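Number of protein chains: 2
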Amino acid sequence: MKNARKHALDIFRASLAAADPDQALMRAVKFDGRFLTAGRRYDLTRFDRVQVIGAGKAGRAMAQALERLLGRRIHGGCVNVPDGGAVPLRRVTMHASSHPVPDERGEAGARRILQIAEQAGPRDLLLCVISGGASALMPLPFPPLTLVEKQEITRHLLSSGATIHEMNVVRKHLSAIKGGQLAKSAWPATLIAFILSDVPGDDLATIGSGPTVADPSAQEDALSILKHYKIAFPAEALHETPKPDDPALARVKNIIIGSNRLALDAAARKAKELGYRTLMLSSFMEGETREVAKVHAAVAKEVISNGRPLRRPACILSGGETTVTLRGKGKGGRNQEFVLAAALALEGCGEHVIFSGGTDGIDGPTDAAGAYVDSSTLVRARAMGLDPRQYLHNNDSYHFFEKLEALIKTGHTGTNVMDVRMILLP
Amino acid sequence: MKNARKHALDIFRASLAAADPDQALMRAVKFDGRFLTAGRRYDLTRFDRVQVIGAGKAGRAMAQALERLLGRRIHGGCVNVPDGGAVPLRRVTMHASSHPVPDERGEAGARRILQIAEQAGPRDLLLCVISGGASALMPLPFPPLTLVEKQEITRHLLSSGATIHEMNVVRKHLSAIKGGQLAKSAWPATLIAFILSDVPGDDLATIGSGPTVADPSAQEDALSILKHYKIAFPAEALHETPKPDDPALARVKNIIIGSNRLALDAAARKAKELGYRTLMLSSFMEGETREVAKVHAAVAKEVISNGRPLRRPACILSGGETTVTLRGKGKGGRNQEFVLAAALALEGCGEHVIFSGGTDGIDGPTDAAGAYVDSSTLVRARAMGLDPRQYLHNNDSYHFFEKLEALIKTGHTGTNVMDVRMILLP
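Sequence order for the protein chains is A and B. Going by numbering that gives the first Met the number 0, the first sequence opens with residue 0, and the numbers climb by one from there. Going by numbering that gives the first Met the number 0, the second sequence opens with residue 0, and the numbers climb by one from there.
Don't read these hints as lab results, they were simulated from the structure. Possibly wrong hints are sitting among the right ones.
Part of the chain A face toward chain B, derived, beta carbon under 7 Å [claimed, not checked]:
hint : residue
1    : Leu203
2    : Leu278
3    : Met279
4    : Ser304
5    : Gly306
6    : Pro312
If we take Cβ atoms under 8 Å as the criterion, some of the chain A residues that face chain B in the derived model are [what the hints assert, rightly or not]:
hint : residue
7    : Arg67
8    : Pro215
9    : Ser216
10   : Ala217
11   : Glu219
Cβ-Cβ distance ranges computed for the label pairs, FRET-style [to be verified]:
hint : chain 1 : residue 1 : chain 2 : residue 2 : range
12   : B       : Gly274    : A       : Lys5      : 26 to 32 Å
13   : B       : Thr322    : A       : Met166    : 30 to 36 Å
14   : B       : Glu346    : A       : Asp245    : 40 to 46 Å
15   : B       : Arg326    : A       : Ala231    : 16 to 22 Å
16   : B       : Gln114    : A       : Lys5      : 58 to 64 Å
17   : A       : Gln389    : B       : Lys252    : 28 to 34 Å
18   : B       : Thr322    : A       : Arg154    : 34 to 40 Å
19   : B       : Gly384    : A       : Gln150    : 29 to 35 Å
20   : B       : Arg326    : A       : Lys408    : 35 to 41 Å
21   : A       : Thr322    : B       : Glu219    : 31 to 37 Å
22   : B       : Gly327    : A       : Asp9      : 55 to 61 Å
Quick caveat: nothing in here was measured; it's all calculated off a predicted structure. Glycine included, every Cβ here is placed at the ideal spot set by N, Cα and C.
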């Protein structure tokens with residue numbers, strides 16, 4: 000059992016390593032002094048200038064990795080990063096911006112980034128780094144729309160019950176940089192975008208609102224959404240975005256270097272290496288956390304009772320991100336609540352380890368990435384007079400696991416590819 | 000797609016056939032004129048009398064199957080069945096009782112059944128049929144406890160927040176027939192119990208409160224639960240139940256002839272036969288229906304996007320029984336609500352069929368067993384001006400699917416092994 004607890008940590012660490020911006024970039028890109036290999040081979044002697052642009056919470060780590068890899072071959076650039084992450088690098092400017100609510104600083108940085116792209120010529124190589132938060136960190140409303148007006152439109156859409164997809168369609172057609180427009184501006188330069196995905200399914204057009212990716216949605220889609228929800232907007236601001244057949248996107252290459260899916264792949268490989276049969280349920284997991292936990296427990300019970308869908312030693316994995324409807328007044332996060340609810344559902348079902356952690360290292364408003372338990376944890380809790388159901392009822396998983404020393408603390412990991420959940424049945 | 004819709008029905012039909020009391024009994028028991036084969040071989044020439052006893056909603060169908068199989072070899076017996084199911088058979092008395100709230104008729108029948116068991120000698124064979132509802136249909140409080148008092152205790156326990164497990168422990172130790180006591184009374188007769196399981200995990204001691212199964216719980220467990228919840232009871236009524244090593248249970252054989260697990264096995268076999276790769280998630284599925292639906296949809300999305308945990312054509316199966324927290328004023332059932340919620344979660348994700356049905360044929364307070372949709376159903380609904388989210392919000396899945404002619408109507412099937420859910424990805 001001690002082993003299984005250690006295994007859970009090892010498996011989580013493997014997924015964190017896969018999601019680490021630096022390690023992920025280093026795996027995705029090779030440089031031998033002349034050729035840069037990233038999906039394709041690029042002969043760097045063909046380029047006069049190499050610049051790094053982009054935005055996102057992992058922006059600094061990704062730019063730093065590129066600086067380490069390419070050294071003096073990088074001439075400069077600008078990346079929008081959150082406050083606190085804007086520690087200077089040697090060549091690429093780190094531009095501090097606001098997140099999650101965009102501000103003028105982000106807009107100024109976005110303008111600078113777009114300018115770099117526009118000024119790049121056929122002998123320029125742009126390396127673009129995109130990660131979680133890029134959309135808010137790199138705002139650039141299409142004139143005459145202002146940032147304040149754009150935020151107002153977003154708020155109206157939200158309160159009108161628009162879906163996240165509808166919001167994204169509108170945003171792209173009112174922005175000067177999203178929906179492939181950054182990449183189109185870069186023509187005739189070559190652009191390679193390195194993308195750390197924080198969205199389920201890794202849809203390139205969705206991550207950071209796809210500044211380097213052709214937009215599948217049309218201007219009239221945005222118009223009909225705005226009309227449907229009766230939202231006022233300056234007509235001149237609404238415009239078309241580049242489509243997949245746009246020749247100005249011919250020199251663009253988008254590469255996903257990290258994602259929940261890849262983190263789960265790494266977790267599954269590690270689990271196999273440790274001797275577990277693995278079932279990766281889904282990287283699209285969503286829903287109310289405690290109910291999602293019951294379903295995971297149900298799959299574990301089937302393994303325990305009937306040896307299917309796989310036999311022990313088994314590792315059931317899932318990713319994605321669940322939600323918590325707060326009803327109590329406690330402290331916790333979706334990962335900690337998942338573990339508590341699953342532990343209750345599996346109580347008395349024999350040997351198991353339940354683990355859930357956020358790859359960003361921060362689960363809800365807590366200093367823990369998540370929590371983990373084994374089949375002795377609830378026994379210990381009850382012996383200490385703790386009522387697990389009461390803690391769950393009060394959304395107070397943090398204080399429950401704190402008392403049991405079952406919290407996982409990694410600190411900020413500098414990445415975010417959503418969550419990793421697992422149930423080990425040794 | 001039309002094929003996939005038909006496949007879903009075929010797969011459900013296969014699971015219903017596996018759960019059908021008559022067919023299930025016929026598969027479990029063979030008779031060649033001398034030897035009755037049921038888990039073991041019984042030489043019927045060794046017995047002077049064969050009687051059928053038991054209780055449950057499928058009691059009549061099971062007794063009838065035994066009559067058909069053994070004909071004149073059956074001398075009589077008594078089975079407690081619900082009102083309406085008490086259509087007479089040739090040899091075995093059908094005794095009408097109340098369900099789900101037990102009444103004096105049930106008690107009278109239980110007394111008769113226990114008497115048959117007590118009067119049986121070493122040359123008697125008792126065939127006992129147990130199915131869903133047996134516990135309520137065959138009540139027999141241990142004197143001096145009365146039926147009214149016993150129901151009062153059950154109500155108190157319920158309102159005190161006792162778990163279903165605690166309720167069962169108390170019930171057995173205050174009953175004269177549950178927790179293996181019927182089987183013990185039958186000694187030295189031979190007893191074969193045919194059991195149609197309606198509980199997750201098919202725990203023999205739980206199904207119908209296990210009248211023919213040794214009780215793993217002790218008298219002191221029941222006492223401490225009653226004390227913990229401060230429930231008053233006549234001390235003389237509390238007594239010990241037979242334990243697994245009780246020699247009076249040596250001639251007892253319990254056979255599960257039907258269960259959710261076996262129904263899912265049949266469904267999986269049929270799905271394979273139709274060319275699908277199958278993933279049976281769990282027969283223990285539980286939780287809030289619309290959230291459970293999201294998790295099923297998440298697994299389907301992983302199959303669609305990444306070809307795992309299995310590749311198309313894929314059939315994702317699950318069983319068990321979910322719950323619905325009613326918030327709206329519509330009409331529906333857990334199976335119909337599952338299909339509606341899963342359809343919304345999979346909208347726009349390409350070709351699929353979603354199916355959910357209750358094996359009893361009655362989903363919630365409706366005349367449908369469940370519903371099924373394919374990827375065109377929501378398109379059709381929206382074209383008709385129906386808002387699926389609004390119907391889900393109002394717990395009104397029945398009226399939604401009624402308009403779309405997507406309800407599954409089987410009528411009462413005469414069995415109940417919980418639900419069968421599936422997502423087909425052709």
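Hint by hint, where does the structure go against what was stated? Just the numbers, ascending. 1, 5, 6, 7, 8, 9, 10, 11, 12, 14, 15, 17, 21, 22
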